[in-house]
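Chains V and F, in that order, are what the protein sequence lines are. FYI, in full-length UniProt numbering the residues of the first sequence are 1 to 467. FYI, in full-length UniProt numbering the residues of the second sequence are 1 to 749.
Keep in mind the hints are simulated off the structure, nothing from the lab. Since the structure is predicted, the reported quantities are computational estimates derived from the model, not experimental observations. Yeah, the Cβ is synthetic: ideal placement off N, Cα and C, and Gly gets one too. Do not rely on the hints blindly, as some may be mistaken.
What the hints assert, rightly or not - Using 30 Å as the maximum straight-line C-alpha spacing, the simulated BS3-like pairs for lysine-lysine come out as follows:
id: 1; chain 1: V; residue 1: K169; chain 2: V; residue 2: K52
id: 2; chain 1: F; residue 1: K479; chain 2: V; residue 2: K406
id: 3; chain 1: V; residue 1: K396; chain 2: V; residue 2: K406
id: 4; chain 1: V; residue 1: K82; chain 2: V; residue 2: K41
id: 5; chain 1: V; residue 1: K41; chain 2: V; residue 2: K396
id: 6; chain 1: V; residue 1: K396; chain 2: F; residue 2: K711
id: 7; chain 1: F; residue 1: K515; chain 2: F; residue 2: K634
id: 8; chain 1: V; residue 1: K214; chain 2: V; residue 2: K84
id: 9; chain 1: F; residue 1: K713; chain 2: V; residue 2: K396
id: 10; chain 1: V; residue 1: K169; chain 2: V; residue 2: K319
id: 11; chain 1: V; residue 1: K280; chain 2: V; residue 2: K263
id: 12; chain 1: F; residue 1: K711; chain 2: V; residue 2: K392
id: 13; chain 1: V; residue 1: K381; chain 2: V; residue 2: K396
id: 14; chain 1: V; residue 1: K41; chain 2: V; residue 2: K406
id: 15; chain 1: V; residue 1: K381; chain 2: V; residue 2: K406
id: 16; chain 1: V; residue 1: K396; chain 2: F; residue 2: K539
id: 17; chain 1: V; residue 1: K52; chain 2: V; residue 2: K381
id: 18; chain 1: V; residue 1: K214; chain 2: V; residue 2: K59
id: 19; chain 1: V; residue 1: K319; chain 2: V; residue 2: K36
id: 20; chain 1: F; residue 1: K617; chain 2: F; residue 2: K479
id: 21; chain 1: F; residue 1: K713; chain 2: V; residue 2: K392
id: 22; chain 1: F; residue 1: K539; chain 2: V; residue 2: K392
id: 23; chain 1: V; residue 1: K214; chain 2: V; residue 2: K82
id: 24; chain 1: V; residue 1: K319; chain 2: V; residue 2: K406
id: 25; chain 1: V; residue 1: K272; chain 2: V; residue 2: K41
id: 26; chain 1: F; residue 1: K713; chain 2: V; residue 2: K406
id: 27; chain 1: F; residue 1: K539; chain 2: V; residue 2: K406
id: 28; chain 1: V; residue 1: K381; chain 2: V; residue 2: K272
id: 29; chain 1: F; residue 1: K711; chain 2: F; residue 2: K634
id: 30; chain 1: F; residue 1: K268; chain 2: V; residue 2: K319
Stated by the list, open to error - Counterexamples of contact, computed for chain F against chain V with all Cβ distances above 10 Å:
id: 31; residue: I35
id: 32; residue: L84
id: 33; residue: V98
id: 34; residue: L284
id: 35; residue: V311
id: 36; residue: V407
id: 37; residue: R528
id: 38; residue: L746
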Amino acid sequence: MRSLLSFFAFLFVAAVSAISTTGDRLLVVLDDVAEKAGYSKFFGDLESRGFKLTFETPKSETLSLFRLGERAYDHVIVFPSKAKGLGPNLTPSILLDFLNANGNILVTLSSGSAAPNSLVSFLAELDIQLPTERTGLAVDHFNYDSISAPDTHDVLVLSPPGPVRPDIKNFFSVGAPADQLLAFPHGLGVTLGAGELLAPILRAPRTAYSYNPKEQAEVVDDLFAAGEQLALVSTMQARNSARFALVGSVEMLRDSWFDAEVKKIGATKAVKTFNREFAKRVSGWTFQETGVLRVNWIEHHLDEVSALNESNPAIYRIKNDVTYTISLSEWSWDTWTAFTVPTNDVLQLEFSMLSPFHRVALGLDPSHSTPEATAYTASIKLPDQHGIFNFKVNYKRPFLTNVEEKNTVSVRHMAHDEWPRSFAISGAWPWIAGIAATVAGWVGFVALWMYSAPPAGERKKETKKTQ
Amino acid sequence: MSADPLHVLANAGKGESTRTVLRVVILCLIAAAAIASRLFSVIRFESIIHEFDPWFNFRATKYLVANGFYNFWNWFDDRTWHPLGRVTGGTLYPGLMVTSGAIYHALRALTIPVDIRNICVLLAPAFSGLTAFAAYLLTNEMTTSPSAGLLAAVFMGITPGYISRSVAGSYDNEAIAIFLLVFTFYLWIKALKQGSMLWGALCALFYGYMVASWGGYAFITCLLPLHAFVLICMGRYSTRLYVSYTTWYALGTLASMQIPFVGFLPVKTSEHMPALGIFGFLQLLGFLDYVRSAIPGRQFQTFLWLFTGGVFSVALAALVVATSAGIIAPWGGRFYSLWDTSYAKIHIPIIASVSEHQPTAWPAFFFDLNFLIWLFPAGVYLCFQQLADEHVFLVVYALFGSYFAGVMVRLMLTLTPVVCVTAAIAASSLLDTYLNDKSPNPEDYRPEDSSDATSKKASKAGLKSTNKPVVGIYGFISKGVIVSAMTIYLLLFVLHCTWVTSNAYSSPSVVLASKMPDGSQHIIDDYREAYQWLRQNTKEDAKIMSWWDYGYQIGGMADRPTLVDNNTWNNTHIATVGKAMSSSEEVSYPIMRQHEVDYVLVVFGGLLGYSGDDINKFLWMVRIAEGIWPDEVKERDFFTPRGEYRVDGEATSTMKNSLMYKMSYYNYNTLFPPGQAQDRVRGSRLPEVGPTLNVLDEAFTSENWIIRIYKVKDLDNLGRDHASAAAFERGQKKKRPAKRRGTRYLRTE
């Protein structure tokens with residue numbers, strides 16, 4: 001086990017130089033490459049974090065997400081396009097293949113232009129719905145910026161989003177200055193389906209709603225969505241942990257909004273926007289710079305007094321005591337850190353065959369933890385059932401990469417010489433005594449028979465037959 | 001006086017030693033003939049293990065040879081019955097494997113390195129030679145005729161009823177069990193005749209070996225007490241019977257309890273109760289016999305007999321009570337199906353689904369036993385002529401053997417030895433009578449001569465009286481007719497046996513043979529092709545789901561874990577597979593995920609006209625699944641409203657949506673011009689549009705489409721269900737949920 005630890009310590013060192021855990025080739029798809037000037041701070045931040053940016057337009061001949069069957073880029077950012085489609089190089093199925101090949105995609109939308117058809121059907125595959133006309137505008141008459149949108153109310157001012165559930169880690173607002181607010185200008189809200197892979201980062205306030213300014217300028221008769229059902233910034237993490245993020249307002253990322261000051265309706269003074277930090281965190285999460293979990297090693301062994309304690313044996317016996325340990329690390333921007341389970345959450349171990357026979361919480365194991373890795377451990381008594389079992393750790397939480405570890409072991413029955421001997425069982429003593437009595441009686445009878453002379457009349461019996 | 005074709009030779013050597021030498025030579029030749037006639041399959045095909053069960057026995061033997069006896073004894077097999085595993089060491093009869101393991105090690109010790117596979121392939125023929133010898137010994141205990149034994153040995157050696165289970169490559173328990181059966185009976189007769197503890201102990205020893213080898217040991221366990229009981233009822237109780245029976249029972253039961261699979265069954269289950277009951281009854285009789293001989297007095301004796309009867313009936317009542325109270329396990333399902341042939345069909349479809357558990361068709365008797373079947377009653381009749389203790393045994397055996405053989409096809413095997421023995425007695429007494437060239441003086445006249453003659457319809461010189469010898473049967477013509485008729489029958493028997501063995505019983509069923517139009521042989525090797533594909537292209541621990549018939553073969557040839565196999569101990573698990581096969585994809589997929597299935601294997605004979613395929617077995621899967629989940633799987637749904645089982649366009653939607661149907665016919669219509677896809681087994685034209693599969697990917701299809709293997713898809717990476725993911729792949733656009741009225745779905749997080 002020591003050698004195992006040192007081997008993984010070596011892996012740690014090797015991995016530290018990477019910026020994102022999956023690579024640094026980033027493709028930016030823009031309608032017009034000249035547009036990038038407006039987002040110089042956003043791109044500058046990405047470059048400073050070590051990404052190599054490539055800019056392409058959707059119509060470009062050279063644009064290709066795959067080369068010789070391998071991913072040509074590790075991450076893609078798609079900016080809004082005026083075109084109706086994204087061309088033959090960014091069809092929905094290519095985008096899906098990119099996710100399936102562990103690529104990460106960040107898509108931005110804008111209320112100014114209808115989303116391209118291919119993007120809409122790509123989003124539909126992920127169970128993310130856009131308004132019917134492929135565009136919309138999120139407005140809120142109670143949370144708008146009174147400086148830039150005093151009349152239209154379409155620049156939403158929101159506080160940095162906390163976790164959507166109490167048991168998940170807060171990635172996007174932790175450490176945010178209390179006086180900074182998030183501006184969401186001219187954005188588009190979407191609704192998310194029921195899938196557990198989807199998770200919203202930023203939801204619209206309860207008073208917000210979405211409408212189509214072109215067709216529903218006078219009266220909003222058919223509401224697309226309102227309140228918290230309207231997701232402004234949402235994410236999807238595929239089963240292979242490829243990440244997808246959808247930012248409803250591309251203007252959020254513009255330099256102008258990075259530096260702008262906003263004044264929430266009713267507030268007395270204008271405050272700086274949180275947009276730059278938020279953009280960094282959303283893009284950092286999407287491109288696998290935060291929230292990436294790694295299983296360093298898994299070890300299970302017999303926990304019995306007279307055992308050899310071999311690591312990870314393939315077979316156990318029923319009712320053995322077994323200890324299971326798993327070591328986890330979390331990648332945080334540029335380094336592997338120890339992963340700590342959020343306070344309201346618990347890491348569970350299942351010992352299952354068809355259904356779980358044990359489901360126990362894994363506790364912290366300080367003796368195997370290091371600053372870069374935390375070890376969690378649990379000891380169980382194997383069930384009185386032979387079969388092919390799995391040690392399963394299935395830890396899937398929003399914003400953290402999936403941990404699904406399955407270690408198969410066989411649990412065998414008692415061998416014929418592993419039972420206690422009969423004389424060790426007190427309940428068997430009467431029977432043992434019975435056997436002894438029978439044996440002694442028989443030997444005594446034989447001795448008596450052999451040493452007593454047969455009487456003369458005994459012979460007669462031989463001649464008698466039944467027939 | 002001597003054996004038939006060697007009559008002249010035997011006469012030439014009148015001396016006892018010459019006859020002994022001749023007898024040994026003849027027996028050796030019989031053994032050689034027995035072995036030789038079983039080698040058809042090796043010559044036609046190759047040295048290969050046949051069928052289904054032998055593949056498990058072969059795999060277990062390899063494990064034994066590789067890991068030693070103790071590991072074998074405690075073997076937990078995690079590559080079958082996934083994920084339950086099988087305590088194989090405790091649920092098999094180890095006799096066969098240990099025998100071949102011992103032979104293997106003995107040959108290696110003699111520096112003859114023989115591949116374990118060849119030992120396994122040739123074990124059954126080798127033991128058939130021994131069986132012939134055992135039949136010789138058993139027959140010699142029954143009759144004084146020296147030729148009867150040799151005839152019995154020949155019959156036993158080549159009769160198809162026995163060859164069916166012992167051709168080369170048929171490495172099954174029966175391969176050694178029939179030898180043990182016959183030899184145990186021989187030892188029992190020997191022990192009974194001599195009243196010898198030594199022979200009784202030997203009988204118990206071989207009985208123990210038999211128990212270690214085959215579940216059919218229960219036949220001995222029931223037959224010997226029955227014999228004893230019949231003898232007692234006939235008033236033939238003797239100390240010989242007492243000594244031999246008690247020795248056999250005490251030692252034999254102890255020996256049988258050493259086998260983990262048997263364990264405490266001999267004192268717990270109903271099948272073993274007759275043996276125990278007769279054991280107790282004999283103690284009682286022994287005691288009463290002693291008392292009776294010590295205290296004379298007629299009335300007292302009558303009272304004693306009544307007392308005995310009373311005790312017996314009380315014991316019987318106690319047995320019934322204990323059985324109904326559950327202390328003694330009631331009779332197993334397989335046992336009930338012996339009495340009521342439709343029992344299994346109603347209650348235990350898994351037993352009824354095995355073809356060898358079906359009742360025997362009457363031509364099978366003639367097919368398997370040829371002219372022995374009509375000599376058999378004559379032989380039994382001859383037993384009545386003498387009716388010593390051992391003849392009673394033959395009569396009892398003949399009675400029960402023929403009943404059971406009529407109930408279940410596979411039990412033809414247990415009938416065969418007694419048929420051979422009695423037929424040999426009949427044939428030899430015929431030949432002895434008519435080949436004897438001496439005309440006897442009236443004083444030399446022996447009663448068997450006349451009785452043989454009456455039993456033979458061939459004897460035209462009808463001999464009615466037993467008082468006076470009639471000159472007719474000593475005439476040249478009657479002798480010539482009878483002897484030549486017998487010779488013709490014997491020769492026809494040899495021809496028939498060879499023909500049956502070569503045509504019916506020598507197919508390995510793993511490899512199929514067919515004739516090309518020009519008469520040359522064409523080998524269809526799809527099974528091994530597919531298993532080899534699995535072995536080379538899948539992960540070491542890829543779980544294969546298939547119907548249980550192929551479990552042992554996948555385990556043996558492809559070396560991959562299976563969900564169910566031919567050891568059908570867990571009906572629920574088999575029903576689970578049946579449900580997965582007979583349900584729609586949406587129902588099957590969670591079942592396959594839960595059982596960690598990686599590949600699904602189906603057998604499809606539609607292209608080649610191979611009738612033993614899964615669609616033809618499909619109703620059994622449905623029935624077995626219905627037995628466990630009557631609400632989810634219904635056999636009626638697989639039949640059209642008119643009650644037909646169809647696979648063409650008229651098939652019911654349940655049938656068309658079942659996983660088995662889809663897997664069988666997936667992409668099948670691409671082989672044919674549009675609209676002309678044809679299923680050659682069921683002779684029906686298939687619908688123009690073939691089935692679509694969403695949760696499975698076609699992984700492999702063998703040359704003649706007999707084996708089709710599908711890979712189970714993983715969960716969709718993006719959380720879609722498989723149907724919509726597959727629809728997207730096919731380019732169908734997702735329907736936008738436009739204008740949802742009704743209630744909307746609201747996310748809570």
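Each hint tested on the structure:
At most 30 Å may separate the alpha-carbon atoms for a hinted pair to count; V:K169 and V:K52 meet this at roughly 29 Å. Simply put, F:K479 and V:K406 have alpha-carbon atoms about 82 Å apart, too far for the 30 Å limit, and the pair is violated. Straight-line distance between C-alpha atoms of V:K396 and V:K406 comes to about 14 Å, which keeps the hinted pair within the 30 Å bound. Distance check on the hinted pair: V:K82 and V:K41 sit about 23 Å apart at the alpha-carbon level, within 30 Å; holds.
Of the pairs offered as hints, the one joining V:K41 and V:K396 is violated, with about 34 Å between alpha carbons and a cut-off of 30 Å exceeded. With a C-alpha separation of about 26 Å, the suggested pair V:K396 and F:K711 falls inside the 30 Å cut-off, and the hint holds. For the proposed pair F:K515 and F:K634, the alpha carbon gap of about 40 Å is over 30 Å, so the pair is violated. As the CA atoms of V:K214 and V:K84 are separated by approximately 18 Å, the hinted pair is consistent with the 30 Å bound.
Pair hint F:K713 plus V:K396 holds up; C-alpha atoms about 21 Å apart against a cutoff of 30 Å. Note on V:K169 and V:K319: the hinted pairing is violated, with a Cα-Cα distance of about 37 Å set against a maximum of 30 Å. Between the alpha carbons of V:K280 and V:K263 the distance comes to roughly 23 Å, so the proposed pair stays at or under 30 Å and holds. About 23 Å separates the Cα atoms of F:K711 and V:K392, which keeps this hinted pair within 30 Å; it holds.
For the hint pairing V:K381 with V:K396, the CA-to-CA distance comes to about 26 Å; that is within 30 Å, so the pair holds. Annotation: proposed proximity of V:K41 to V:K406 is violated, straight-line Cα distance about 44 Å (limit 30 Å). At roughly 18 Å between alpha-carbon atoms, V:K381 and V:K406 fall within 30 Å of each other, so this suggested pair holds. Restraint check for V:K396 and F:K539: the C-alpha separation of about 27 Å stays at or below 30 Å, so the hint holds.
Annotation: proposed proximity of V:K52 to V:K381 is violated, straight-line Cα distance about 52 Å (limit 30 Å). Distance restraint check for V:K214 and V:K59: the Cα-Cα separation of roughly 28 Å lies within the 30 Å cut-off, and the hinted pair is therefore satisfied. Under the criterion of a C-alpha separation no larger than 30 Å, the hint pairing V:K319 with V:K36 is inconsistent with the structure, at around 65 Å. Taking the CA atoms of F:K617 and F:K479, the gap is near 55 Å; set against the 30 Å cutoff, the hint is violated.
Simply put, F:K713 and V:K392 have alpha-carbon atoms about 20 Å apart, close enough for the 30 Å limit, and the pair holds. At most 30 Å may separate the alpha-carbon atoms for a hinted pair to count; F:K539 and V:K392 meet this at roughly 20 Å. With a C-alpha separation of about 16 Å, the suggested pairing of V:K214 with V:K82 holds against the 30 Å cut-off. The straight-line distance between the Cα atoms of V:K319 and V:K406 is roughly 20 Å, inside the 30 Å bound, and the hint therefore holds.
The suggested pairing of V:K272 with V:K41 holds, with an alpha-carbon distance near 16 Å, which does not exceed 30 Å. The suggested pairing of F:K713 with V:K406 holds, with an alpha-carbon distance near 18 Å, which does not exceed 30 Å. For the proposed pair F:K539 and V:K406, the alpha carbon gap of about 16 Å is at most 30 Å, so the pair holds. In summary, the hint linking V:K381 to V:K272 is not supported, as the alpha carbons are separated by about 57 Å, beyond the 30 Å threshold.
A C-alpha spacing of about 27 Å is found between F:K711 and F:K634, which places the hinted pair at or below 30 Å, so the restraint holds. For the proposed pair F:K268 and V:K319, the alpha carbon gap of about 28 Å is at most 30 Å, so the pair holds. Every CB of chain V lies more than 10 Å from the CB of F:I35, the least distance being 37 Å, so the non-interface label holds. Chain V draws F:L84 into its interface by the beta-carbon criterion, the shortest separation being 5 Å against a cut-off of 10 Å.
The claim that F:V98 is not at the interface with chain V holds, since no C-beta of that chain comes within 10 Å of its own (minimum 15 Å). With a closest Cβ-Cβ approach of about 14 Å to chain V, F:L284 is found to remain outside the 10 Å limit, as its non-interface label requires. Distance check for F:V311 against chain V: the nearest CB is about 18 Å away, which clears 10 Å, and the non-interface claim stands. With 10 Å as the threshold on Cβ separation, the claim that F:V407 sits away from chain V holds: the shortest Cβ distance comes to roughly 35 Å.
With a closest Cβ-Cβ approach of about 27 Å to chain V, F:R528 is found to remain outside the 10 Å limit, as its non-interface label requires. Its closest Cβ contact with chain V, about 6 Å, brings F:L746 to no more than 10 Å, contrary to its assignment away from the interface.
Hint compliance for this structure: hints 2, 5, 7, 10, 14, 17, 19, 20, 28, 32 and 38 are not met, and every other hint is.
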